[in-house]
Amino acid sequence: MFKEGEGGCVERLLVPAKRVLKSGPQIRYESFERRVELWNQIRMNFDRYLEEECGTFLPDLDLHFRSQFDAALVALAASMKTNGEVFGAARMFSEDEIELYERIECYSIFEILSEKDIRKKLFQRDKETLRLLRDYYIEMDTWVDRSLERSEIRLTIRGYLKKRWDGYKRKINAAVADAVTELDWLGNLIGTWEDEARKRENAIELDLVAENEDRARKLREREEALRFQEREVARREEAAQDALKSASKREEDLNSREKRIEAAMKALHGSNRDERSRYVDTGEAKQYELTFIGRMETKIGVCPVIGGRTFRVEGSEEMEEPVVPERGGRSMQRPLPLNRSLTFRLVEKKLLGEKKHYVFSARYVCRIERYADQGYDCDPLSLTEVTAILDETWNRARSSGIPTVLCLASPTGFERRLRDFVDSEEFHRNFISKHLSFLLLDMEAGALLFNHADETARAFAAICELEIDSEKEAKVRRNVKNLMLEALKVRDHVVFDDVLKACTDDPGMVKRAFYDCAAKMEGEVQFVEGVGLVMMGL
Amino acid sequence: MEYLLIVDYGSDAERKRIDYTIERWGGRAEVSKPKGTAIIFEGPMIDEFLEDLYSRIEGDKEKIAVYRIEDYHPEVEERVRRLRYESNEDLDVIEKFLTYLMSRIGAGYEYTSGGVKYYSISTKKGQAFIEIALKSGAATMVTITVRGYGEVVDFLANKINEEMEVFLRGG
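Heads up: the sequence lines are chains A and B, in that order.
For the first sequence, the working numbering begins at 1 and goes up steadily by one.
For the second sequence, the working numbering begins at 539 and goes up steadily by one.
Treat the hints with care, as some may be off.
What the hints assert, rightly or not - Pairs of lysine-lysine residues, derived as BS3-like cross-links and limited to a Cα-Cα distance of at most 27 Å, are as follows: (1) A:Lys-81 with B:Lys-697; (2) B:Lys-554 with B:Lys-573; (3) B:Lys-599 with A:Lys-81; (4) A:Lys-81 with B:Lys-673; (5) B:Lys-634 with A:Lys-18; (6) A:Lys-22 with B:Lys-554; (7) A:Lys-355 with A:Lys-475; (8) A:Lys-81 with B:Lys-663.
Hints listed in this document are in silico derivations from the structure and should not be mistaken for laboratory results.
Work out the full structure, taking the sequences as your base and the hints as a guide.
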């Protein structure tokens, strides 16, 4: 019968368990101390059995033995619960396991009653027997069947209790089947109970269906929420990646920008500071030209008043430089400045006495080839370039014999050497020509340079000056100055584009203020490739 | 300073013991079980959550008390008492006595590991664990360790010690 195990050994180990099982729920009447002792013996013996002290057994037999150990323990746990005793070790059984044991053991009376005894009790309409039968028909049978299927209840306990329950059922069914043939009322009573059981069953099923539907709905909602969360997480991850990329790109750009500025600063220390001190793109250069020529036409008009004298325009001439050969197609994409010039012959309006004659030449000068080629210029007009124009104009003035006033406008301004020279005392004293007076107009900075000792130049200054809204200009300048000072707290340079981004004013005015503030702060403005204009603190 | 404790109990009996503890402490501190539901919110959008919550409750917002919580690491450590005895009695005799003693004090056998028997016990003074190690040689060495929190440790250790001394004296 046994595979290897020793039956006698198991029987010895099972003694305390069997002792408990024999008592059933009545074990509760033993003292607590005694039940603890039994518990400890059963647990120790169970350990010894599991450690194969008695060898191994076929699975069915093994389950049978283990069921007896566990059933005895659950019986003790139930007794402690019933008595309200605190016994921590009994926590090894769940409330459900104890409840299943207790409810089935309520029918333990059928253990000692024979079928004949039960039949007799039915004939006597014994209340307790009828109560147990009612519970049996209405819910107990179904409830036990369901509980025995529950995997969270130990298999050993289910195995033991199933045998017990099957035994009770057999007896009950046999006794009832016999009695019902003679007792009509019992048949009717059982019919009523069975109806009630069916109704309960249906209600439970409906509840179950509703519960399942509810669970399925909640599951769907949870899945949907999960999907939404997943999408959201993916979206956030993507956004975080993008932000990271964008941040690293910004950092790279910033590093690259800083490096370029650093290189430009190094280069600046050992080179001509005028070089690359401006930045004017083709569009701006063209705009300045149109502004300059347009203003000169308007200001001269028909009868200009110059130095308190009224003149009339005897004749005028407009010239422009021939278009430079196209390179890289840039001139096709945007209109280039043409270095236009306007020449007016002015004669004083006067009836008597000698009339004053002037040739007023308003000339816009820029390096057209650079605008055509690279799309911008960043160098002010040099002394050499200006001298060549002055020389040419002076020669023409000298040969015509008419005093000539030249207003030379440059979009990139004039190099420092030239500005210092024109502003010098020496120049003021010496450069007074009866043939030529000249004024230099920096279109971008709005500065007008001329020899203040030269009366003719002084008289024409009002015509050549740019009209600037000084109040607005001062406001923009204040704003730009503050931004530049803020930037200088962090680093030793100010990038024009950063200032421009922080301002809402006209970009032309901002640029003018930037140049002006840079000069006042004794900083050097440089054009840095890929960065734009930068003021560097020296 | 107020503290919020969250106790995840596993059975009705455990819940009752917790209630009883709260009751016992009533005279020594302001201890109460909050009514309603306790919510733990983690994240930066607490104000938005509260705004939503206020819009759902009936009556004024006094119903909701909000506290900022932080972990608290209590300076409470498990207490351990070790009782050591040396006896000329046979190991079997001592083992039988200890099994009897454990049953007498209501300690439930849990398991054996490495020759040490582990018991758990619940008393009115709290719960504890008892470890029993026996070693035979020229004399039998007995080590009984009681672990737990609070007065139950001394209570049990003293009780076991008394019984052991009577037994070892030849009672």
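For each hint, the structure was consulted:
A C-alpha spacing of about 26 Å is found between Lys-81 of chain A and Lys-697 of chain B, which places the hinted pair at or below 27 Å, so the restraint holds. For a cut-off of 27 Å, the pair hint linking Lys-554 of chain B to Lys-573 of chain B stands: about 17 Å separates their Cα positions. Annotation: proposed proximity of Lys-599 of chain B to Lys-81 of chain A is violated, straight-line Cα distance about 44 Å (limit 27 Å). Annotation: proposed proximity of Lys-81 of chain A to Lys-673 of chain B is violated, straight-line Cα distance about 37 Å (limit 27 Å).
At most 27 Å may separate the alpha-carbon atoms for a hinted pair to count; Lys-634 of chain B and Lys-18 of chain A meet this at roughly 21 Å. Between Lys-22 of chain A and Lys-554 of chain B, the direct Cα distance comes to roughly 32 Å. Violation of the 27 Å bound is thereby established for this hinted pair. Using a Cα cut-off of 27 Å, the hinted pair Lys-355 of chain A and Lys-475 of chain A is violated, with the two alpha carbons roughly 45 Å apart. Proximity of Lys-81 of chain A to Lys-663 of chain B is assessed by CA-CA distance (about 19 Å); at most 27 Å being required, the pair is judged to hold.
Violation of the numbered hints given earlier is confined to hints 3, 4, 6 and 7; the remaining hints are satisfied by the structure.
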